[in-house]
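Q: Here this note's numbering is used: the first residue of the sequence shown is 596, the next is one more, and so on.
No lab work stands behind these hints, which were simulated from the structure alone. Not one of these hints is a red herring.
Each computed DSS-like pair below joins lysine-lysine, with the alpha-carbon atoms no more than 27 Å apart:
id : residue 1 : residue 2
1  : LYS693    : LYS600
2  : LYS745    : LYS756
3  : LYS772    : LYS715
4  : LYS754    : LYS792
5  : LYS650    : LYS754
6  : LYS623    : LYS693
7  : LYS623    : LYS644
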Amino acid sequence: MQTGKIFIIGIGPGASEYLTKKAIDTVKTSDYTIGSTRAIELFDDVQNKIAFNVKELLEKLNEGVQLACNGNTVSILSTGDPGFSGVLNTVLRISKEKEFPNENIEVIPGISSLQLAAAKCHIQWDNANVMTFHGRENIEDILPVINNGKTTIALPSRKVKDMAQFLLDHGVEENRKVVVCERLSYPDENIVEATLKDIAQSEFTYMCIMIIY
Numbered sequence: 596m597q598t599g600k601i602f603i604i605g606i607g608p609g610a611s612e613y614l615t616k617k618a619i620d621t622v623k624t625s626d627y628t629i630g631s632t633r634a635i636e637l638f639d640d641v642q643n644k645i646a647f648n649v650k651e652l653l654e655k656l657n658e659g660v661q662l663a664c665n666g667n668t669v670s671i672l673s674t675g676d677p678g679f680s681g682v683l684n685t686v687l688r689i690s691k692e693k694e695f696p697n698e699n700i701e702v703i704p705g706i707s708s709l710q711l712a713a714a715k716c717h718i719q720w721d722n723a724n725v726m727t728f729h730g731r732e733n734i735e736d737i738l739p740v741i742n743n744g745k746t747t748i749a750l751p752s753r754k755v756k757d758m759a760q761f762l763l764d765h766g767v768e769e770n771r772k773v774v775v776c777e778r779l780s781y782p783d784e785n786i787v788e789a790t791l792k793d794i795a796q797s798e799f800t801y802m803c804i805m806i807i808y
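Work out the full structure, taking the sequences as your base and the hints as a guide.
A: Right, here's the structure in full:
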C-alpha cells in the first residue's frame, strides 16, 4: 500500500498576514486540505478542500488520515499552533489507530493567539503561567498558580465572564488587573483592561485570551 504524507499546519491567530510561508507553500502542493471554512479561506491556492464544522471534526480528521493512508499528501489546518489547543494529539491518535507511519507526519508550527496576546501586552511569556482550558471543564487547575507571583495567560473554556466569576468565587481579589484580548489579528480586534469584577460583568466573544496580573 502506498503511503502518503500528513502535514499538521498551524495557521496563526486568524489573519492571513500571520500565515508562515511554509504553511502557504505546503497547502499549495497538497492533494487535500482539511480545516474549518474560516481556516481554508486564508489560502489562495488550494487543490481539494474538505471543510468541517466542530461537530464534524473527528469524522473529517479520520477521512484525512485515510486519504494519506491511500497515498495522498494531506494538509490539516489547526488554528494557532497545532500543539496548543490544536488538533495535534487527535491526528496522532487517529494515525496510530490506522497504523499510519509517524515519520510521514510533519508538524508546521504557527503563531498561537496566546503568543500574540503576550506580544500585544509586552509580556515575557516564558515567565508566565500559560494555561489552556479549551474543551476542558476542570478550570480549578488555575487556582494553585493564580497567586504564585507570575502573570497568568489563559485560553478560557467558556465565556470570559464565567472564568472571571469562577476566580471571584474562589477568593481572588475583585480589583485584580485583567486584560482581555478579543479577536486578535482581526479588523475588530479588541483589547480591554479592567478589574476582575468588571470583566465578570462584561460580554465578549469566544475568541479571547485572558491575562491576569
